[in-house]
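2 protein chains.
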Amino acid sequence: MKIDDIILQVKPQLTVERFEHTLRVRDTAAELAERYGEDKEKIELAAVCHDYAKYRPLDEMKRWIIQSTLPKDLLHYHHELWHGPVGAILTERELGIKDPGIQSAIHYHTTGRANMSKMEMIIFLADYIEPGRQFPGVQEVRDAAEEDLLKACWLTSRNTVRYLMKKNTLVYPDSFHAYNDLTRKINGGH
Amino acid sequence: MKIDDIILQVKPQLTVERFEHTLRVRDTAAELAERYGEDKEKIELAAVCHDYAKYRPLDEMKRWIIQSTLPKDLLHYHHELWHGPVGAILTERELGIKDPGIQSAIHYHTTGRANMSKMEMIIFLADYIEPGRQFPGVQEVRDAAEEDLLKACWLTSRNTVRYLMKKNTLVYPDSFHAYNDLTRKINGGH
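Residue numbers (our numbering), protein chains in the order written: chain V, 107 to 296; chain S, 107 to 296.
The set of hints was computed from the structure by calculation and includes no laboratory data. Predicted model, so just to flag it, every value in this text is computed and none were measured. There could be a bad hint or two in this list.
Since the list gives no way to pick out one identical chain from another, each pair is judged satisfied if it fits inside one copy or across any two copies.
Straight-line Cα separation of at most 27 Å, DSS-like style, residue types lysine-lysine; simulated pairs [stated by the list, open to error]:
| # | residue 1 | residue 2 |
| --- | --- | --- |
| 1 | Lys291 | Lys168 |
| 2 | Lys224 | Lys273 |
| 3 | Lys204 | Lys160 |
| 4 | Lys291 | Lys257 |
| 5 | Lys117 | Lys273 |
| 6 | Lys108 | Lys148 |
| 7 | Lys272 | Lys257 |
| 8 | Lys204 | Lys273 |
| 9 | Lys224 | Lys291 |
| 10 | Lys273 | Lys257 |
| 11 | Lys204 | Lys117 |
| 12 | Lys148 | Lys291 |
| 13 | Lys168 | Lys108 |
| 14 | Lys272 | Lys117 |
| 15 | Lys108 | Lys291 |
| 16 | Lys146 | Lys291 |
| 17 | Lys272 | Lys291 |
| 18 | Lys146 | Lys272 |
| 19 | Lys168 | Lys273 |
| 20 | Lys160 | Lys224 |
| 21 | Lys160 | Lys273 |
Pulled out of the complex, with its shape left as it was, chain V reads as follows:
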């Protein structure tokens, strides 16, 4: 499957800004793939598709969660969390992408999870640090991404959970498990 064909199918699903963000995630993820020795073609495919379901109607996403094997507890958390898991399903059904590694990277790109694969980490991180992102602390994560994939993902995870708690919102369990898992790996278990 050619990535250019996929891009043509992804584009009409997104707003102009979101599509541009998607291309920046692709470029950032490709750099990370090269730096950390991951399959660049697969990474680019995952990056291009990571927000595929972003603008699906909430009703449709809800239906996919109910009708699929996706965890039902998603329905009790903010709908912003739905497009990753639903995107993993729709990119298989609608775009014919059937690579569990890619699907999983799309699924977990917002929350992360415990025991992320390298591909999952790269998409999770690229989505956070692509050059269009501007918020306090992002430069520290970009710097870490130059030399330590785990540490950069840990910072991403920690910043994300702390940001959610600062806003007094719920934190999906996978976000929290990602934080604990990466903290263990960075700190050696404390």
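With chain V's structure known, arrange chain S on it following the hints.
Below, chain S alone, put in the same frame as chain V:
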């Protein structure tokens, strides 16, 4: 069972400072019990015993965790988290306290958990706001405790998790579940 007898048995288990803290937790918890309509006698018993296992040797606490029905994942988190759960067991075995509500308040006083009982909330909160505690944000929690038990517990839980993450340490799942559960109850589900 008379609380004065229990106090006499708790005192030699603690340092002087920790014993004074314990008495302040008792007084704070008694006030909260009165304010929020909870059994004052039970609350005082739970408060007096909450740190009972605090200075047990780590090896002994570890053994209790392994030999009892306590969750084994405690062993993968900081030993500071062990004295609550182990205290719940030891106060039954050594002090003869056999009230599941009291035991549970001792068990969860450090982390909280989802669906806390009123007694659990009062001990969790009293331990955090007793007058000897001095740290940024404590006054806001004391103020909240004057009129809204749930909100005060939510602040306690949120502050605790954020503090742990600021120190880059692991967060025990119950702490996180307490935060999400209380956030739902405060915010109405977001």
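Checked hints:
{"no.": "1", "hint": "Lys291 / Lys168", "in the structure": "between (34 Å within a copy, 23 Å between copies)"}
{"no.": "2", "hint": "Lys224 / Lys273", "in the structure": "between (30 Å within a copy, 26 Å between copies)"}
{"no.": "3", "hint": "Lys204 / Lys160", "in the structure": "within (19 Å within a copy, 53 Å between copies)"}
{"no.": "4", "hint": "Lys291 / Lys257", "in the structure": "within (9 Å within a copy, 34 Å between copies)"}
{"no.": "5", "hint": "Lys117 / Lys273", "in the structure": "neither (32 Å within a copy, 42 Å between copies)"}
{"no.": "6", "hint": "Lys108 / Lys148", "in the structure": "within (11 Å within a copy, 69 Å between copies)"}
{"no.": "7", "hint": "Lys272 / Lys257", "in the structure": "both (22 Å within a copy, 15 Å between copies)"}
{"no.": "8", "hint": "Lys204 / Lys273", "in the structure": "neither (37 Å within a copy, 41 Å between copies)"}
{"no.": "9", "hint": "Lys224 / Lys291", "in the structure": "within (14 Å within a copy, 37 Å between copies)"}
{"no.": "10", "hint": "Lys273 / Lys257", "in the structure": "both (24 Å within a copy, 15 Å between copies)"}
{"no.": "11", "hint": "Lys204 / Lys117", "in the structure": "within (20 Å within a copy, 64 Å between copies)"}
{"no.": "12", "hint": "Lys148 / Lys291", "in the structure": "within (25 Å within a copy, 42 Å between copies)"}
{"no.": "13", "hint": "Lys168 / Lys108", "in the structure": "neither (30 Å within a copy, 56 Å between copies)"}
{"no.": "14", "hint": "Lys272 / Lys117", "in the structure": "neither (34 Å within a copy, 39 Å between copies)"}
{"no.": "15", "hint": "Lys108 / Lys291", "in the structure": "neither (36 Å within a copy, 48 Å between copies)"}
{"no.": "16", "hint": "Lys146 / Lys291", "in the structure": "within (25 Å within a copy, 45 Å between copies)"}
{"no.": "17", "hint": "Lys272 / Lys291", "in the structure": "both (25 Å within a copy, 17 Å between copies)"}
{"no.": "18", "hint": "Lys146 / Lys272", "in the structure": "neither (36 Å within a copy, 34 Å between copies)"}
{"no.": "19", "hint": "Lys168 / Lys273", "in the structure": "within (24 Å within a copy, 37 Å between copies)"}
{"no.": "20", "hint": "Lys160 / Lys224", "in the structure": "within (23 Å within a copy, 41 Å between copies)"}
{"no.": "21", "hint": "Lys160 / Lys273", "in the structure": "within (22 Å within a copy, 34 Å between copies)"}
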